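There are 4 protein chains.
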Amino acid sequence: MPILLGENRYGKAETHVVRVTRDGPCHGIKDLTVSVALSGDMAAVHLSGDNAAVLPTDSQKNTVFAFAQKYGIESAEHFAILLAQHFVASQPTIRHARIEVLETEWERIGEHGHSFVRSSRETRTALVHHDGERTHVVSGLRDLVVLNSTGSEFHGYVKDEYTTLPETHDRVLATAVSAQWRRAETDDAEIRAADFDGDYDIARAALLEAFASTYSLSLQQTLYAMGTRVLDECEGVCEVRLALPNRHHFAVDLSPFGIANPNETFYAADRPYGLIEGTVLREDAPAPGPAWS
Amino acid sequence: MPILLGENRYGKAETHVVRVTRDGPCHGIKDLTVSVALSGDMAAVHLSGDNAAVLPTDSQKNTVFAFAQKYGIESAEHFAILLAQHFVASQPTIRHARIEVLETEWERIGEHGHSFVRSSRETRTALVHHDGERTHVVSGLRDLVVLNSTGSEFHGYVKDEYTTLPETHDRVLATAVSAQWRRAETDDAEIRAADFDGDYDIARAALLEAFASTYSLSLQQTLYAMGTRVLDECEGVCEVRLALPNRHHFAVDLSPFGIANPNETFYAADRPYGLIEGTVLREDAPAPGPAWS
Amino acid sequence: MPILLGENRYGKAETHVVRVTRDGPCHGIKDLTVSVALSGDMAAVHLSGDNAAVLPTDSQKNTVFAFAQKYGIESAEHFAILLAQHFVASQPTIRHARIEVLETEWERIGEHGHSFVRSSRETRTALVHHDGERTHVVSGLRDLVVLNSTGSEFHGYVKDEYTTLPETHDRVLATAVSAQWRRAETDDAEIRAADFDGDYDIARAALLEAFASTYSLSLQQTLYAMGTRVLDECEGVCEVRLALPNRHHFAVDLSPFGIANPNETFYAADRPYGLIEGTVLREDAPAPGPAWS
Amino acid sequence: MPILLGENRYGKAETHVVRVTRDGPCHGIKDLTVSVALSGDMAAVHLSGDNAAVLPTDSQKNTVFAFAQKYGIESAEHFAILLAQHFVASQPTIRHARIEVLETEWERIGEHGHSFVRSSRETRTALVHHDGERTHVVSGLRDLVVLNSTGSEFHGYVKDEYTTLPETHDRVLATAVSAQWRRAETDDAEIRAADFDGDYDIARAALLEAFASTYSLSLQQTLYAMGTRVLDECEGVCEVRLALPNRHHFAVDLSPFGIANPNETFYAADRPYGLIEGTVLREDAPAPGPAWS
Numbered sequence: 010m011p012i013l014l015g016e017n018r019y020g021k022a023e024t025h026v027v028r029v030t031r032d033g034p035c036h037g038i039k040d041l042t043v044s045v046a047l048s049g050d051m052a053a054v055h056l057s058g059d060n061a062a063v064l065p066t067d068s069q070k071n072t073v074f075a076f077a078q079k080y081g082i083e084s085a086e087h088f089a090i091l092l093a094q095h096f097v098a099s100q101p102t103i104r105h106a107r108i109e110v111l112e113t114e115w116e117r118i119g120e121h122g123h124s125f126v127r128s129s130r131e132t133r134t135a136l137v138h139h140d141g142e143r144t145h146v147v148s149g150l151r152d153l154v155v156l157n158s159t160g161s162e163f164h165g166y167v168k169d170e171y172t173t174l175p176e177t178h179d180r181v182l183a184t185a186v187s188a189q190w191r192r193a194e195t196d197d198a199e200i201r202a203a204d205f206d207g208d209y210d211i212a213r214a215a216l217l218e219a220f221a222s223t224y225s226l227s228l229q230q231t232l233y234a235m236g237t238r239v240l241d242e243c244e245g246v247c248e249v250r251l252a253l254p255n256r257h258h259f260a261v262d263l264s265p266f267g268i269a270n271p272n273e274t275f276y277a278a279d280r281p282y283g284l285i286e287g288t289v290l291r292e293d294a295p296a297p298g299p300a301w302s
Numbered sequence: 010m011p012i013l014l015g016e017n018r019y020g021k022a023e024t025h026v027v028r029v030t031r032d033g034p035c036h037g038i039k040d041l042t043v044s045v046a047l048s049g050d051m052a053a054v055h056l057s058g059d060n061a062a063v064l065p066t067d068s069q070k071n072t073v074f075a076f077a078q079k080y081g082i083e084s085a086e087h088f089a090i091l092l093a094q095h096f097v098a099s100q101p102t103i104r105h106a107r108i109e110v111l112e113t114e115w116e117r118i119g120e121h122g123h124s125f126v127r128s129s130r131e132t133r134t135a136l137v138h139h140d141g142e143r144t145h146v147v148s149g150l151r152d153l154v155v156l157n158s159t160g161s162e163f164h165g166y167v168k169d170e171y172t173t174l175p176e177t178h179d180r181v182l183a184t185a186v187s188a189q190w191r192r193a194e195t196d197d198a199e200i201r202a203a204d205f206d207g208d209y210d211i212a213r214a215a216l217l218e219a220f221a222s223t224y225s226l227s228l229q230q231t232l233y234a235m236g237t238r239v240l241d242e243c244e245g246v247c248e249v250r251l252a253l254p255n256r257h258h259f260a261v262d263l264s265p266f267g268i269a270n271p272n273e274t275f276y277a278a279d280r281p282y283g284l285i286e287g288t289v290l291r292e293d294a295p296a297p298g299p300a301w302s
Numbered sequence: 010m011p012i013l014l015g016e017n018r019y020g021k022a023e024t025h026v027v028r029v030t031r032d033g034p035c036h037g038i039k040d041l042t043v044s045v046a047l048s049g050d051m052a053a054v055h056l057s058g059d060n061a062a063v064l065p066t067d068s069q070k071n072t073v074f075a076f077a078q079k080y081g082i083e084s085a086e087h088f089a090i091l092l093a094q095h096f097v098a099s100q101p102t103i104r105h106a107r108i109e110v111l112e113t114e115w116e117r118i119g120e121h122g123h124s125f126v127r128s129s130r131e132t133r134t135a136l137v138h139h140d141g142e143r144t145h146v147v148s149g150l151r152d153l154v155v156l157n158s159t160g161s162e163f164h165g166y167v168k169d170e171y172t173t174l175p176e177t178h179d180r181v182l183a184t185a186v187s188a189q190w191r192r193a194e195t196d197d198a199e200i201r202a203a204d205f206d207g208d209y210d211i212a213r214a215a216l217l218e219a220f221a222s223t224y225s226l227s228l229q230q231t232l233y234a235m236g237t238r239v240l241d242e243c244e245g246v247c248e249v250r251l252a253l254p255n256r257h258h259f260a261v262d263l264s265p266f267g268i269a270n271p272n273e274t275f276y277a278a279d280r281p282y283g284l285i286e287g288t289v290l291r292e293d294a295p296a297p298g299p300a301w302s
Numbered sequence: 010m011p012i013l014l015g016e017n018r019y020g021k022a023e024t025h026v027v028r029v030t031r032d033g034p035c036h037g038i039k040d041l042t043v044s045v046a047l048s049g050d051m052a053a054v055h056l057s058g059d060n061a062a063v064l065p066t067d068s069q070k071n072t073v074f075a076f077a078q079k080y081g082i083e084s085a086e087h088f089a090i091l092l093a094q095h096f097v098a099s100q101p102t103i104r105h106a107r108i109e110v111l112e113t114e115w116e117r118i119g120e121h122g123h124s125f126v127r128s129s130r131e132t133r134t135a136l137v138h139h140d141g142e143r144t145h146v147v148s149g150l151r152d153l154v155v156l157n158s159t160g161s162e163f164h165g166y167v168k169d170e171y172t173t174l175p176e177t178h179d180r181v182l183a184t185a186v187s188a189q190w191r192r193a194e195t196d197d198a199e200i201r202a203a204d205f206d207g208d209y210d211i212a213r214a215a216l217l218e219a220f221a222s223t224y225s226l227s228l229q230q231t232l233y234a235m236g237t238r239v240l241d242e243c244e245g246v247c248e249v250r251l252a253l254p255n256r257h258h259f260a261v262d263l264s265p266f267g268i269a270n271p272n273e274t275f276y277a278a279d280r281p282y283g284l285i286e287g288t289v290l291r292e293d294a295p296a297p298g299p300a301w302s
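Chains as they are written, first to last, in my numbering: chain F, 10 to 302; chain P, 10 to 302; chain L, 10 to 302; chain R, 10 to 302.
Hints listed in this document are in silico derivations from the structure and should not be mistaken for laboratory results. All values derive from a computational prediction rather than experimental measurement. Heads up, some of the hints might be wrong.
You can't tell identical chains apart in this list, so a pair holds if it fits in one copy or across any two.
Claimed, not checked - Simulated crosslink set (EDC-like; lysine to aspartate or glutamate; CA at most 16 Å straight-line):
1) K39 x E273
2) K39 x D206
3) K79 x D32
The whole structure should be built from the sequences, with the hints applied where relevant.
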């Protein structure tokens, strides 16, 4: 039975570019790690090592640096759109580009115009797909670590023969939020007009606020509240995906030492951990196409 | 416009179980890290925090340990199948189980019957999906780090305006292989009869041999040769997916110091790196269903 | 020639304790990872496995949790002092205790009384030694990542036969600051009276301010300015040790593409990196004893 | 009170050099990550940014690559000695060099002359100090992960008020060995004549054999046996330092499920962990000087 080449892609991963703007005494800084993945007419290179259709990953890296200088970085998403469209438009053998960006945010040190500190813990993310006709954009963040010291319960669950967990009416709820949100537009002009930085600020605030203000009977309930809140507050966003590892904080049993522990002293466990993943979307969300892949 | 709950799953991630067999003077050891993800009738828990359909992730962890003792661990795949079928069969609210396993292999120290050393660098992987009717099994490995010190070229590629890379007729080719292979069977009795350990040994050897013996004009060509070789040698396997980061080794320019470098001294770079991903499959491979998700 | 047992110590490492204070609507939170290392009369356990002098590491872990509940956590340093003195005072076989603490700081989410986010990137550290008579305390931080986008030069250095680096009069200077500062007091009552939280805030601000305001001709000069500033502003501190990895940001040569790069687009390299380590101390600093070990 | 500059050093860290030997159909490969730290007349650069005494870290990196090509890599230790002596001998402002090397070992794939796989899990280490007169060499390894599935007990220890650990007469004993051993010679000609590769093979085998064959009443006892065995078998080695994290494997209590667990099913915990550190040395071992710093 014949053997076939199936789906494939290739590109330069993790080009770390830092772009400084020096328009006046106050510099600006954008710090992106960019991964490019291209696909198209790649049968020959796989079957015989004929590279005639292959734009080297080294050239892709050069393009990232050149574009950073030439066009600046309006936002992670805008920069990724520019790159994706360039590769598909300029290379006849490339049909599809996927650009993934991780952004580290820097904060100014006091009043100093050109000194910065990495103060936020989370990483901002952007994922762009472009196939020559449509552009899908997913924005997000990861490692936004949050904790509620009360206001969380867990009971009323299934008890099977392997269940030993006692029900609780007061527990610590902590997680490292990974969230991604998809814009509905895929038309070129429309998607370029989106305010991705505005979305980011609103979505981040919505995630924090929903986490903090939800009285939680399960982490799933909190997840759904967080996703709903992002949709409520970000008009152009049609779908949110969340992954919430449950960073278990177990109240330590100090009774062997004659010490009461009224939910004040916890052992913060690493592994294993619960992992809650879910999607919240508008009823009229357009099909995602390759947006999440 | 109404907001909906979309796809979701939950479970206990990274339960690290070590199972010793003590049947005689020579012990055996299996070292697995197991992640469970379940889905089913989970609307209520998201919308209102009603946990009536939720089997706690703590119970899932207990099940991993209990099954390790009760049934032993024939292979990572067999153990994952057992678990997947158990959750779906025993819980009316659970429609689908996904079990992912990372296995660390231990080697006996000399002739000592109960002393072991972790000698291999790679991690063995297994991924099982079960929905009550069909069982999909994907096996694999990651971090199998290999290097050819010659026998690799790269030229004849596209030169666009951002291309500066010189062509080469002799380079180091190195990568950390991630490979996964899918068995064709999804029928319960058939898939349980598969020899996953046999597959693993054959596939690992095939990957090494294909990497070493392919005179390479591109990493894509090597990837395709590796995938084809696994299919050639593992009869029951219908599809192979590979991800090969190109661990660039750049020959250092020592000419400023009057020293020739005939491809002997290299700088091993970390980032950025090329990333080549591809699928090789039989023409008659059945549709994968959820196997890779 | 006889073989001897030399220096040794043992203890429980990385006990992750989270202590919540619930005195009113606004909770407080302390998040510490505590490592204990004890030494004393440990010849027998090494030579023959006689554990009569050994307090189990499991008991040390229990002590960390019990003390967190019993005494609360005034500061990382105060908590470490309590533990160190306890082990030496309560165990006749223990002569010396070393307690190391890593602290993660949490920030309140908006006005929510019991919701927190990990916003700072750096980790606070404390290191305490106690031998029954004297207590040495070293405080610090790590992974405080900072960057100056200008105001840094590097020239006038030695040129040997392996030097190819061009001199520069404008470069990015970036580093991940590790700093530790030692209090002069070792008397028990005196050291307990120290304001470690106050020191921390002042030292952190001094490090940032000195980094930002030093026009730098070398990273060593910046290091010395940072250490001096901490001593200037923290009265009770007698010695500062700094480790500053030089996170190289190389201006990308875009001339092959006809693009000028006036120090705006940089490649942020991972490895190799310069590493600058240095100590700044008062002339009358008392001998450190075991403080840094 | 005046402020002084104390101890300091600087250099290029983590230069990753791979050296291939291509003398015939069978290539050889050495894979080292080299960190250089130099000290000497460095007051001016700290106090005023005057770099006249500073050999750039970039030149140090170049030297690592140039020496790899020029002299080849006989062993990690020999290469480090060459570098250390070069920096001190060639730079009047450098009084002391510290060279640290991490080595990754590669194994040939089958009979292929120029194909390699990283098969061992541990990392080989070398640490060299040279001050123009004396050369101290410490060799070692880290992350040699070993496990005994029986033959280990723990009882007879101190029970204080925080002790809850039950005594055990059969437990799993597992650790990730970090070991370093010091050669006695510091004379230049003598130390260059040492057989570091021979030492490594003997020491590694001795560590494994001692771990496997010691019936253990405490991890300290195993540590001492391992150190002693290295000294017994490596004639030129005068001191061994070991750090053994206790990778706890807790037998899971399956009695709630009516399942016996005769020490067969374990939960492998990550944190916290016991950490046992100790030194074993010959009575006539010369003073270590800076060897371990």
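Results for each hint:
1. K39 x E273: Between copies, since 10 Å is at most 16 Å while 41 Å is not.
2. K39 x D206: For K39 and D206, the Cα distance is within 16 Å only inside one copy (13 Å; across copies 33 Å).
3. K79 x D32: within (15 Å within a copy, 47 Å between copies)
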